[in-house]
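S.K.: Residue-level listing of the chains:
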Amino acid sequence: MRAVGIILAGGHNNKMRELSNKRAIAAMPIAGSFRAIDFALSNMTNSHIQKVAVITQYNSKSLNEHLNSSKWWDFGRKQGGLFVFTPTITPENSYWYRGTADSMYQNISFLKNSHEPYVVIASGDCVYKLDYNKVLEYHIDKKADITVVCSKVPKGEEPNRFGILNKDEDNRILSIDEKPIEAYGELISTGVYIIRRRLLIELLRKANEEERYDFVKDILVRHSQVKQIYAYEIDTYWSNIATAEAYYKTNMDFLKKEIRDYFFHEYPDIYSKIDDYPPAKYNQGAAVRNSLISSGCIINGTIENSILFKKVYVGNNCTIKNSIILNDVYIGDNTYIENCIVESRDTIRANTTHIGEDGEVRIVVEKNDRYLI
Amino acid sequence: MIKKEMIAMLLAGGQGSRLGVLTSNLAKPAVTFGGKYRIIDFPLSNCINSGIDTVGVLTQYQPLRLNTHIGIGIPWDLDRNIGGVSILPPYEKSQNSEWYTGTANAIYQNMKYMEYYNPEYVLILGGDHIYKMDYEAMLDFHKANQADITLATIPVPMEEASRFGVVITDSNKQILEFEEKPEVPRSNLASMGIYIFTWKVLKESLIALSEQKGCDFGKHVIPFCHERGDRVFAYEYNGYWKDVGTLGSYWESNMELIDLVPIFNLYEEFWKIYTKTDTIPPQYIADSAVIDRAIIGEGTNIYGEVYNSVIGTGVTIETGAVVRDSIIMKGTVIGEGALINKAILAEGVTVGSGAQLGIGEEIPNKTAPHIYSFGLVTVAEDTIIPSDVKIGKNTAIAGQTDFADYADGILPSGESLIKAGDRL
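Just so you know, the sequences run in chain order Y and D.
The first sequence begins at 12 in this note's numbering and counts up by one.
The second sequence begins at 756 in this note's numbering and counts up by one.
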C-alpha cells in the first residue's frame, strides 16, 4: 500500500448533450453492464490501492447510487475504503469545487491523514485497464516529481480536446498544451497522474493561496519547467467518453472481438455493481446480429450492431440498428431505431421511428408513461 | 442479548442421485438452474425476501461448490453482524462422531447453533425445489393457529397424489392423518418438506428421538409429535413449486422458463431471486448467430444457432453449431458445427467440433434406466467430448473422453461412458 487513490468524477460537459442532464459523466453506462467509473475503480483495486476517494459534484445522484456499497470493488475494508467527497459548506469554505485542484484542496484532510507516500489521481470518465503499480515503479525509478500517463490520440478523435504533451528522449515532459486550438503532437494526457503525497499537499496549498483552482492548468502546466514531470506512455486501449460522439464510439468498440476479449476475458477483471437481473430472454421473432445484450433484457424484435444495456424490453417487429439502448428502456411494438442513443428509463411509444443522421448520433429522450402488458 | 423470532435451517447435504452425473462432484442444491442461478438460490432468496436473516445451511455431500457459492452470503444480503448465513457441516465430537444420518438427525446435531439465536420458531427447508414462497405468511398462519408444527402443503392433481405424502385435515386445516404415497389418496394436499416448528417443540422432540436411527422429519419427528397430540397444521401454498429431483423434471422446469410468459416468472420486480454473479459483462451475439426462443446468461458468446434452450453464463457456442432443446451450463464450449439435441451439459464441458449429441433412436439406458431416461443426453461437468463423435439418446458421459473411447466414433443410445466421478 504505497499509494492512495483519488478519482475525479465531478465533471460535466456540454459535449455530452442531453446525456449529462441526468448524471455525471463518470456514471455513464458503458458496454452493457458497466459504468465509466468502474474502470478507474477496478484499476485501483486491481493495483491493490485500498483507500480511494471519489470526488463528485455535478449531478451525483446516479453516481452515488452506483457507489452505494463499496463491496463490489472490494473496498469497504478496515484498512482503507471508498470515500465519496461531495462539496459541503464549512465555516471556512462555502464554495462549490471551483476546479479539480480546489476539489482536492477542499478535502486535503484525506491526504493529510493518509500515511501512504504516493497519490494516484485518475479521472472517472475513461475506459482502460492499467496497473498503477507499474506507473508507480516507473515514477520512483525516474525520480519524478509528477508522472503523467499518456497515450497516442485515439483513432478518429480530435486531439484538441485533450492536453497535448511534448517530451524529450528521456520522456521528461517539456511542455503541456491544454486543449490547444491547433494541436502540435499526438501524445495526450490520459488524466492519470502519480505524485508524492506531500508534494501534492504543498502544490494544492500554494495554488489555493494564489486563488488558482485547476490541477492541469494551474499546477501541471505552470510547473512543467520547474518540476521533473515524466510521461508514462501506454499503448493499450484507452478512451475518454466525455463527448456524445466519443461515448457512442467507445461503446461500439466493444462490438470488436479484440476489445471484448481484452476487457471481458483477460486478467484482471473489471468489476461493477451487481443488479440481480435474470438472464436475457429471446422470444419468437427475435433476430439479433453482432450485438451486446445485457441481463434482464427481453427481446422480441430485430437488433443489429447495437448495444442493449440491462433490462431493455424490445417489442414485436421492432428494428434497432447501430444504436445504444441504455438501462431499463421499454420499446413498444413496430418501432424503428437507427443511429441513436436511447436514454435510460425511457419508454418509446409503439409505431414510432427514430433515426439519427449518419455521422451524428441522435439522443432520444422520451418520457412516456409505461404500460406493461 | 441475541434474539431472533425465526431462523431457517436449510438441508443442503443431499446427493441428488437421480440427477446422475450432474451431481458427481457437487451437491444437488449447487446444480445450476435457469441460465445463471443455482437451485439453492431459490430457498435462500425466499428467506431474505421473507425477512429471515439467519440461515444455517447443512452440508454433507460434496460441499465445495456450495461453500464457494454461498461464501459469507453477500448476494442474498445474508452477511450480517448477528445471524446471516452459516455453513454447518458434520463435525467430530469427543464421542459419537457421525455423519448426518437423516434430516432430523442433521438438525439435532446443530442444536447449539439454533440455541445461540434464541428463536421462537424454526423453519426447516430443503434445497431442491424451484419456487417463490413467503415464509412469513406461513409463520402468520402458524401463530394464528397456535400451532406446534405447520407443514407447507400444495394441492396436486388427485391422480398424482399417490406419488406424494399427503395430509388429511379438518376444516380448520389441523392435520388429522398422514398418508405416505397412498394407493387411494383421500386428499390432494401434498407435503412440500417445509416445516415451521415452535422451537420448544422441535427441541423436545429431537431430544426425545435422539436415539432414533436415521431420524427423519417426515418419517419420525412429525408422526411422533402428531401421536402425542401436538397441534399440527397444514398451510396451503398455491403457486409454482417444482421438484427438480430427476433429470426429466429438471430439464422440463428449465424449458418452462423459455415460454412467452413463463408460469415461473423471473422477470417480475417483486420477489427477486439473488445469486452470486461472477460474470458481469454482457453477452455477445455474432452476425452468424440465430436465436429463437432462449434464455442466455451473462458473458456468453454465440456464433452458432440456438433454439429453445437455456444457456448459462460464460458459454461459447461456435459458428455452425446448433443447440436445440438443451440446457448448457456455465463455461461450456460447443465447437464449430457441433449438433446438440435435447441434452444437459454441465459446467465446463468441451464439445469438439462436428460432434453430434442426442441423435438416433430412443433406447432405454442399460445401466441406470431410472436415471437416464426422457431421451436426454447428460454430460457431467468438465467432460471433454472429442470432435466428430456421434452420441445417442438416454446416454451419460463423464470425464475426459477421447475418440478411441467411442467404438467407430459412436456412443449408441442407451449407453453410458463414465471415465471420471464415482457413480454411474
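Keep in mind that the hints were calculated from the coordinates and are not lab data.
All C-beta atoms, glycine included, are put in the ideal place defined by N, C-alpha and C.
It cannot be assumed that every hint is accurate.
Unchecked claim - The calculated lysine-lysine pairs, modelled on DSS-like cross-linking and capped at a C-alpha distance of 25 Å, are:
hint : chain 1 : residue 1 : chain 2 : residue 2
1    : D       : K1031     : Y       : K82
2    : Y       : K82       : D       : K997
3    : Y       : K260      : Y       : K154
4    : Y       : K228      : Y       : K238
5    : Y       : K72       : D       : K997
6    : D       : K867      : Y       : K89
7    : Y       : K238      : Y       : K26
8    : Y       : K82       : Y       : K26
9    : D       : K1031     : Y       : K284
10   : Y       : K284      : D       : K1027
11   : D       : K958      : D       : K997
Stated by the list, open to error - A few chain Y positions that, by computed beta-carbon distances, are all more than 10 Å from chain D:
hint : residue
12   : K26
13   : P128
14   : K166
15   : T254
16   : F274
17   : D287
18   : A291
19   : N294
20   : S305
21   : E371
22   : N379
S.K.: Hint by hint, note whether the structure agrees.
M.R.: Each hint, compared with the structure:
no.	hint	in the structure
1	D:K1031 with Y:K82	holds (13 Å)
2	Y:K82 with D:K997	violated (34 Å)
3	Y:K260 with Y:K154	violated (37 Å)
4	Y:K228 with Y:K238	holds (15 Å)
5	Y:K72 with D:K997	violated (41 Å)
6	D:K867 with Y:K89	violated (31 Å)
7	Y:K238 with Y:K26	violated (33 Å)
8	Y:K82 with Y:K26	violated (32 Å)
9	D:K1031 with Y:K284	holds (12 Å)
10	Y:K284 with D:K1027	holds (16 Å)
11	D:K958 with D:K997	violated (30 Å)
12	K26	holds (26 Å)
13	P128	holds (33 Å)
14	K166	holds (22 Å)
15	T254	holds (23 Å)
16	F274	violated (7 Å)
17	D287	violated (5 Å)
18	A291	violated (5 Å)
19	N294	violated (6 Å)
20	S305	violated (4 Å)
21	E371	holds (25 Å)
22	N379	holds (19 Å)
Violation of the numbered hints given earlier is confined to hints 2, 3, 5, 6, 7, 8, 11, 16, 17, 18, 19, 20; the remaining hints are satisfied by the structure.
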